[in-house]
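K.L.:
Going line by line, the protein sequences match chains A and B.
What the first sequence shows, in the UniProt record's numbering, is residues 1 to 250, in sequence order.
What the second sequence shows, in the UniProt record's numbering, is residues 1 to 250, in sequence order.
With a straight-line Cα cutoff of 27 Å, these simulated BS3-like cross-link-like pairs (lysine-lysine) come out:
id	chain 1	residue 1	chain 2	residue 2
1	A	195	B	33
2	A	7	B	7
3	A	7	B	19
4	A	195	A	219
5	B	33	A	163
6	B	7	A	19
7	A	171	B	33
8	B	195	A	33
9	A	33	B	19
10	B	19	A	19
11	A	195	A	171
12	A	19	B	33
13	A	33	B	163
14	A	33	B	171
15	B	176	A	33
16	A	19	A	33
17	A	176	A	195
18	A	176	B	33
19	B	176	B	159
20	B	219	B	195
21	B	7	B	33
22	A	163	A	176
Negatives, chain B to chain A, calculated, CB over 10 Å:
id	residue
23	89
24	129
25	175
The set of hints was computed from the structure by calculation and includes no laboratory data.
Idealized CB from N, CA, C, for every residue including glycine.
Protein chains: 2
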Amino acid sequence: MWCQSCKDEYEEEDAGTCKECYEEASETEEELKREIDDLRSRLLFLRLPSPTLDAASAPHSDLLLHAIPSCSSSGAGGDGDAARAPDTPAVPAHRVILTSRSPVFRAMLENEMEESRSGIIKIYDVSYDVLRAFVHYMYTAEALLDEQMASDLLVLSEKYEVKHLKAYCEKFITSKVNNDNAIAHYTFAHRHSAKQLLEASLSVLMDNMATLADRDEYKELVEKDPRLVVEIYEAYLNRQVNTAAGKDRL
Amino acid sequence: MWCQSCKDEYEEEDAGTCKECYEEASETEEELKREIDDLRSRLLFLRLPSPTLDAASAPHSDLLLHAIPSCSSSGAGGDGDAARAPDTPAVPAHRVILTSRSPVFRAMLENEMEESRSGIIKIYDVSYDVLRAFVHYMYTAEALLDEQMASDLLVLSEKYEVKHLKAYCEKFITSKVNNDNAIAHYTFAHRHSAKQLLEASLSVLMDNMATLADRDEYKELVEKDPRLVVEIYEAYLNRQVNTAAGKDRL
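Chain A extracted, bound-state conformation (with noise of 0.2 Å):
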């Protein structure tokens, strides 16, 4: 017989479906279609100019930004200026926006604080290019990743309790959790409260057990922090356990 999809012929034991669930599947596929169409054409059309790009891009703005890296990113020359904001330009926004994405945002400007009065608002610990990324994805819902953006602005997100964005990176970096850098992503995610990464790097980590205590990450991170390795061995021992119940009952 012939497959109506592909057009090739088959047995009959490499049969798939009947005609009636073929025309439904195709029938549904077409309606999804139709509503991504019609999701993106939403999208689109809510999506705001971001105020990022330049001055011109943001006019109406009531609200200025400034990035105030820590002095250990911004050079540790030791003299003192460390501390002292760097000659980078604010980054205009709106309350209207900032408050309807950020509940601390919202509580900052909606209440009686210095920096309602004033219009400006510093970001402790972050570079001029993270805040950048940070405002232009409260007016897009899109953001440009590489691991350390992810990073940065999942920190960033966590802090302004902006949950889309947290979400979206985490996604990101969990989708390049490996053995080198499973580690860090463990510590990382148990600092920020990221559960899908933390999966994930643990599931990495008990793949690899046999290695684990070689590496300098690991010496690292006893001394540091023990607990966070108990929690590793309590995890491996777990799945062990349950693996042996496993094969019992078979």
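Position chain B relative to chain A; hints supplied.
P.N.:
Below, chain B without anything else, positioned relative to chain A:
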């Protein structure tokens, strides 16, 4: 053989797909559904709280919109009061939202026009309810439509060049075209350059040419705008010629 989708038995002549195509189609469907989930979650993120619900839902608003109904729709008392704005509240809004959705608002608010200075915009020939629905759409890309609301919003979105809303309303009205309302929709579509609605209503009119001339709306249209009637006849003749040519080719 057995269908892998509905699990029913079927005969060889009722075969739909081979196994490989069935599996691919299932994967495609899963992928499309994941894409829909992702788009929906981005939409939810980008959607803004509508400022039309109550005053408290529009903090940081920097505009007030006033609906000024046309004389005819605000009651034909004829005592001169009809032209005054009725006692409805103003609808609050934000410059950043309105300018990003409508080139007309953009031109109005980014130049030194009276509206830009005062922050007060009068929207003429529109009821309070339609203005609220219009502003609501600017923030949410959502509207609750019936035929009247869809027509009113289409007119308003044409005036302010909010293409997305115009297309949304046109699609809704097009789905409601029937023999009873086809002349009215045909005239409306002409007046507001609604191509999809024009084609749909013209098609219904051509399917019912025998009874067209008996209708009151037809007689009115001949009086008011005979060119539109000529266009119906031209389209009808054109279709007859094409159908005849098609038959000749067979």
